[in-house]
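J.: If you want the building blocks of each chain, they are given just below.
Protein chains: 2
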Amino acid sequence: MSESVVVIGGGPAGIEAARGVADLGLPSILIEQRERLGGTPIFANYAALTPYFEDAEQAMDAMIAELNARPLAEVRTNTTVTGLSGEAGAFTVELSTGESLEAGAVIVATGFDHFDPGRERQIYNYYQYPDVLTLQDLEAQLKAHEVLVPSTGKPPERICWVQCVGSRDRNIGNEWCSKVCCGIASKQAIEVREMVPGCRAYIFYIDMRMYGYWETQLYWPAQEKHHVQYIKGIITEVLERGDRLVVRGEDTTMGRPLEVPMDMVILSVGMEPSAGTKSMAGVLGIEPNRYGFIEAAKPPLDTVSTSRTGVFACGAALGPADLEDTISSAGAAAGKAVALVRRGTLQTV
Amino acid sequence: MSESVVVIGGGPAGIEAARGVADLGLPSILIEQRERLGGTPIFANYAALTPYFEDAEQAMDAMIAELNARPLAEVRTNTTVTGLSGEAGAFTVELSTGESLEAGAVIVATGFDHFDPGRERQIYNYYQYPDVLTLQDLEAQLKAHEVLVPSTGKPPERICWVQCVGSRDRNIGNEWCSKVCCGIASKQAIEVREMVPGCRAYIFYIDMRMYGYWETQLYWPAQEKHHVQYIKGIITEVLERGDRLVVRGEDTTMGRPLEVPMDMVILSVGMEPSAGTKSMAGVLGIEPNRYGFIEAAKPPLDTVSTSRTGVFACGAALGPADLEDTISSAGAAAGKAVALVRRGTLQTV
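If you read the protein sequences in the order shown, they are chains E and G.
Numbering of the first sequence is given in the working numbering, commencing with residue 3 and proceeding in unit increments.
Numbering of the second sequence is given in the working numbering, commencing with residue 3 and proceeding in unit increments.
Excised from the complex, chain E in its bound form (with noise of 0.2 angstroms):
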């Protein structure tokens, strides 16, 4: 029998999912394949966190902080976990350092990585027009504070965001809505009309998935003070013309044609499962669903279990979730996690 908790990934969820197991009164054990805690937010440049605002590197680094403070829990970098053995409460669990910890329970949450917009169909071609940028390129610009064309080098005068760029297409396998991406691209079109008052800013879309409070928080604010254009269409081409950039498409709204001039056109690129979600579910024998994502065994009314006792998975691990549903997952799995090493150790229930 052990009292540990490993968590595996070193992103929100597990910070959270670690910090939550240490306040529950057992040790929490932290393991991330990087250098340093922190995540996709900080690995992947993120300026301002949806819907609030924060500085991301300030937010994570608090976190980091907190869970730093608590003698119970042990964070291991440079790590990844290679194997898992035994059973709920007594659980092996291998490192790639060749060591191997013991642990009562284990929570996966390792998270997502953004779509890369040059797999499989080049419609966009990202990899081939400096202009064409993903939500991940603009937040390292809006992180320094400099919106910049980047074959220019100037300001752009106009700019657009393609929503739905490896999400909710079935020709690249990749089915499911990514849930935030609607709300990420208004949060970035506020920001760059901040920073550039002059910068007209357009968001072509399928549906607005600006659920809740988004619909206040983010929504009606970029369109009624900062005047983001939302545009119901389909873009399916994006080709360059002279020194600019032309999106092609169809307005749905209007029934028509769209053609229209850009300087920098960013693509809200979807999530899809990291490759260490990917491979956990190998790892720990665990069932992933048909996308590759970690499966929830019991859901709606069980959100963090998965198909192995003993083994809970949080965050976007088990698919798009937003900051708010992966803060409130991890917490939810260190809860059950400790729960269940507690009855272990107590030999009730």
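Estimated spans, in silico, between C-beta atoms of each pair:
{"#": "1", "chain 1": "E", "residue 1": "Ser-102", "chain 2": "G", "residue 2": "Gln-60", "range": "38 to 46 angstroms"}
{"#": "2", "chain 1": "E", "residue 1": "His-229", "chain 2": "G", "residue 2": "Ile-174", "range": "23 to 31 angstroms"}
{"#": "3", "chain 1": "G", "residue 1": "Asp-57", "chain 2": "E", "residue 2": "Asp-171", "range": "29 to 37 angstroms"}
{"#": "4", "chain 1": "E", "residue 1": "Asp-171", "chain 2": "G", "residue 2": "Thr-99", "range": "53 to 61 angstroms"}
{"#": "5", "chain 1": "G", "residue 1": "Ser-309", "chain 2": "E", "residue 2": "Asp-63", "range": "18 to 26 angstroms"}
{"#": "6", "chain 1": "G", "residue 1": "Phe-45", "chain 2": "E", "residue 2": "Glu-59", "range": "45 to 53 angstroms"}
{"#": "7", "chain 1": "G", "residue 1": "Ser-102", "chain 2": "E", "residue 2": "Gly-100", "range": "54 to 62 angstroms"}
{"#": "8", "chain 1": "E", "residue 1": "Gln-130", "chain 2": "G", "residue 2": "Leu-241", "range": "51 to 59 angstroms"}
{"#": "9", "chain 1": "E", "residue 1": "Gln-130", "chain 2": "G", "residue 2": "Gln-124", "range": "50 to 58 angstroms"}
{"#": "10", "chain 1": "E", "residue 1": "Asp-63", "chain 2": "G", "residue 2": "Arg-292", "range": "28 to 36 angstroms"}
{"#": "11", "chain 1": "G", "residue 1": "Leu-241", "chain 2": "E", "residue 2": "Ala-146", "range": "52 to 60 angstroms"}
In short, the hints are calculated from the structure, not lab data.
Even glycine gets a Cβ: it sits at the ideal position worked out from N, Cα and C.
Since the structure of chain E is provided, determine the placement of chain G on it from the hints.
T.: Leaving out everything else, chain G in the frame of chain E:
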């Protein structure tokens, strides 16, 4: 000092939070104003849960049975909370029964009410026409396995859902998107098409907010397998013509007026703070948001803390939430409440 956690509200969020606290080794006391647990899924007669179509009553009975199996979990029905004094770690909770309870922490799980479609405006004539129903009226029919036009007692030949009734609507002050109605309408349309195969089903929407996996769990099957027709259009009136209803509005994709006969019109009524949620702000001395839901004090990286230390909130008391959001935030709230009580007891951190 008290080790107990008082949970207010006996729906999915409260049951999950109370069970979570008990599983983490502390006593939980669940306070429910009605005569039994189950919350909105039971009292609004839900048939099947979104998106996996489990029987709602069976699912809630299973949750309640799990809670009742915990010796550390106590349930008080027919009881409301009338006051809170003291501070985190040593609260005194006053009850409508005249008793008071000592509690280390409090979790608010008082949920939502369905929007009343007769409030303020009557453009859909809900109280005038018997064949205009709400989502929960239709749930009751689905639960009875009998979908019938109220005025004729016959199965409908044409049924439609009008989305965003009481949501995304500044005129009535409900500015938020209620998040779940697109999914619930789609679930219901699938169920109606299965029970009444000859019935045509239409969903009139502004944006289909089928985020994450709902896209493939509900939206595509509804269209492809069950031939539900989705029409982007805003319905401005429901009228009677002869013995049928007529919905009138604008088909925004086709850019033309729309007038369609229907046997039944289902109003996809959104979420509002429940009476209990609205009153808890005053009773517990916590900040509501401008809509009357409980304000999360530190989102997005803390989803369940309120403005008063030691008082947490979860589920739809915080705002529009689907069942998975609710269960995750309930688990997170249980964890944070137990951690806080433990910290007080152990005098550490």
